[in-house]
Amino acid sequence: MSVKYYYSSVTGNIEMKKKQQHIEMILDSKKVQYEKIDVAAEEEQKKKMRDLIGDQAALPPQLFNGDTYLGDFAAFDVAVEEGSLEKFLKL
9 MSVKYYYSSV TGNIEMKKKQ QHIEMILDSK KVQYEKIDVA AEEEQKKKMR
59 DLIGDQAALP PQLFNGDTYL GDFAAFDVAV EEGSLEKFLK L
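Just so we're aligned, residue 9 is where the sequence shown starts under the numbering used here, counting upward by one.
Some clues are possibly wrong.
Label-pair restraints from in silico Cβ distances [said to hold, decoys possible]: (1) 51 / 88: 28 to 34 Å; (2) 88 / 25: 16 to 22 Å; (3) 98 / 20: 28 to 34 Å; (4) 22 / 49: 18 to 24 Å.
Below, simulated DSSO-like cross-link-like pairs (lysine-lysine); rule was C-alpha separation at most 27 Å, straight line [to be verified]: (5) 25 / 38; (6) 44 / 95; (7) 56 / 26.
What the hints contain is simulated information worked out from the structure, not anything from laboratory work.
Every residue gets a Cβ at the ideal spot worked out from N, C-alpha and C, and that includes glycine.
Using the sequences and the hints, build the whole thing.
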C-alpha cells in the first residue's frame, strides 16, 4: 500500500493552498513517499476521492493509504501534533 495525497493545483482558496503546502512540507521532511493526485486535472480523480470517502461534497486535501481513507487536513494535523503520523498513515 502507498500513501495517496489528493490535492487541487487550481484553487482560489488561500486556506486550502496553505493546508496543502503544510501537508507536503511535513511528508517531505519525514521522507514519506506519497503519490500526488490532482483532482483539478482529472474530474474522474475527484469523483473517485469522493466515492472512497463517501461524501460527494468532500474537498481536498485528503489522504489515503491505497484505497483506505485516512482523513482530511484536520486529522493529519492532529496526528502530527500527537507524534503519531506513521500510525495515522498506516506505515
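Results of checking the hints against the structure:
1. With their beta carbons about 30 Å apart, residue 51 and residue 88 fall inside the hinted range of 28 to 34 Å.
2. The hinted window of 16 to 22 Å between residue 88 and residue 25 holds, with their beta carbons roughly 18 Å apart.
3. With their beta carbons about 32 Å apart, residue 98 and residue 20 fall inside the hinted range of 28 to 34 Å.
4. Checked against the hint of 18 to 24 Å, the pair residue 22 and residue 49 passes, with Cβ atoms roughly 20 Å apart.
5. Pair hint residue 25 plus residue 38 holds up; C-alpha atoms about 20 Å apart against a cutoff of 27 Å.
6. For the hint linking residue 44 to residue 95, the alpha-carbon distance of about 20 Å falls within 27 Å, and the restraint holds.
7. Using a Cα cut-off of 27 Å, the hinted pair residue 56 and residue 26 holds, with the two alpha carbons roughly 23 Å apart.
No hint from the list above goes unmet by this structure.
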